[in-house]
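Count the sequence shown with our numbering and you get residues 344 to 506, in order.
Derived from the structure by calculation, the hints contain no laboratory data. From the three backbone atoms N, C-alpha and C, an ideal C-beta is built for every residue, glycine too. A couple of the hints might just be wrong.
Each computed SDA-like pair below joins lysine to any residue, with the alpha-carbon atoms no more than 25 Å apart [claimed, not checked]: (1) K406 <-> V470; (2) K393 <-> R497; (3) K393 <-> P378; (4) K434 <-> D394; (5) K434 <-> P374; (6) K406 <-> P374.
With beta-carbon atoms standing in for the labels, derived distance ranges [stated by the list, open to error]: (7) C423 <-> A448: 15 to 23 Å; (8) P465 <-> V349: 35 to 43 Å; (9) P446 <-> G384: 20 to 28 Å; (10) A382 <-> L493: 33 to 41 Å.
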Amino acid sequence: MVFEAVGAPILTTVCDCASCREAGRRIEALPGSAPVLDADGGTSFVLHRKDRVRCTRGGEQLKEYRLKPDSPTRRVVATCCNSAMFLEFNKGHWLSLYRNRIPGAPPVEMRVMTRDRPDGAPLDGNVPAYATHSVAFMWRLFAAWFAMGLRTPRGIDGTKSAA
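Assemble the whole structure, with the sequences as input and the hints as a guide.
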């Protein structure tokens, strides 16, 4: 499985939302799966514009998973090794690539959705942490969308649906 991302990422973040944690547990339960969740239970992502990411090899091995059949968010896994590759909000203009799948990934810039962390779960304190999606997070997404002419390109094709 080979992906190519051109240009600088929009943002590198850790998401602590309940959905990312549940999806991570489900994907990690697949036979032979690579880790999805960080040691503290968060999920690290590198966000890129959709128009700057493409699958150059192995697209036929991508399979989508949704927490619920009508969920607007899908997680996409490489079936050859059951490794999580990216998360896509269908109406969004970005892809959230799983950071642990990217050799030499940039450092995490912020943590979001910390209000969903289990009670008492400590934060490492090395990066800014926000209870929800911060203004800085939303601004970076909007700036990328504006640079794209306020259009939302299609995501990576070739995925098969799964429950």
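Comparing the hints with the structure gives:
1. Of the pairs offered as hints, the one joining K406 and V470 is violated, with about 32 Å between alpha carbons and a cut-off of 25 Å exceeded.
2. Our distance criterion of 25 Å between C-alpha atoms is met by K393 and R497, whose separation comes to about 7 Å.
3. Proximity of K393 to P378 is assessed by CA-CA distance (about 24 Å); at most 25 Å being required, the pair is judged to hold.
4. Under the criterion of a C-alpha separation no larger than 25 Å, the hint pairing K434 with D394 is consistent with the structure, at around 14 Å.
5. Simply put, K434 and P374 have alpha-carbon atoms about 30 Å apart, too far for the 25 Å limit, and the pair is violated.
6. Straight-line distance between C-alpha atoms of K406 and P374 comes to about 14 Å, which keeps the hinted pair within the 25 Å bound.
7. Between C423 and A448, the C-beta spacing of about 21 Å keeps the proposed range 15 to 23 Å intact.
8. Taking the beta carbon of each, P465 and V349 are about 37 Å apart, inside 35 to 43 Å as hinted.
9. Between P446 and G384 the beta carbons are some 23 Å apart, a value that agrees with the proposed interval 20 to 28 Å.
10. Distance hint check for A382 and L493: the Cβ-Cβ separation is about 38 Å, which falls inside the suggested range of 33 to 41 Å.
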